[in-house]
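Be aware that the sequence shown starts at 1, since it is given in this note's numbering, and climbs by one per residue.
In short, the hints are calculated from the structure, not lab data. Because the structure is a prediction, the values reported are computed rather than measured. Any given hint could turn out to be false.
Stated by the list, open to error - Label pairs and their calculated CB-CB ranges:
1) E35 to L64: 40 to 46 Å
2) P20 to R73: 56 to 62 Å
3) L99 to L6: 41 to 47 Å
4) L89 to N18: 24 to 30 Å
A virtual CB, placed ideally from N, CA and C, is assigned to each residue, including glycine.
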Amino acid sequence: MTHKPLAHPAQLALDWENDPAIEAMIEARVARRAEAAAFQWRVRLVAIETCMMGSLVIAAGIALDQPPLQTIRAGILVATACCASGMLLIGLSGACGMLFSRFKRWRAR
Numbered sequence: 001m002t003h004k005p006l007a008h009p010a011q012l013a014l015d016w017e018n019d020p021a022i023e024a025m026i027e028a029r030v031a032r033r034a035e036a037a038a039f040q041w042r043v044r045l046v047a048i049e050t051c052m053m054g055s056l057v058i059a060a061g062i063a064l065d066q067p068p069l070q071t072i073r074a075g076i077l078v079a080t081a082c083c084a085s086g087m088l089l090i091g092l093s094g095a096c097g098m099l100f101s102r103f104k105r106w107r108a109r
C-alpha cells in the first residue's frame, strides 16, 4: 500500500508541476546541456577517426615495405585532412541547424 508522505508544517509548499515558466526554464537548460554534450561527442569522434585513419595509413605503408619517412608523412597528411574535413563537417552541420531553427521561428511568426 502506497501513500503520499505528509509534508513538514515548516516546509514551504511549492507547486512547480503546474507552472509553465519553470517548465520552460528547465526545458531550456536541458536543451543547452544536451547541445554541449553533443558537440563534445562530435569532436571526440573526429579525434578518434583522425587517429585511426593516420595509424591505418602508417600501418599499411609499413606492411607494404615503403620508406618510413614517406609512410609517416603520408599518415600525417591523411590525419590532417581527416581532422580538417571532420571539423568542417561539424561546423557546417551546426550552421545548418542554426539556419533551420531560424527559418522555423520565422515561419512560425
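Verification of the supplied hints:
no.: 1; hint: E35 to L64: 40 to 46 Å; in the structure: holds, 44 Å
no.: 2; hint: P20 to R73: 56 to 62 Å; in the structure: holds, 60 Å
no.: 3; hint: L99 to L6: 41 to 47 Å; in the structure: violated, 53 Å
no.: 4; hint: L89 to N18: 24 to 30 Å; in the structure: violated, 43 Å
Hints 3, 4 from the list above are not met by this structure, while the remaining hints are.
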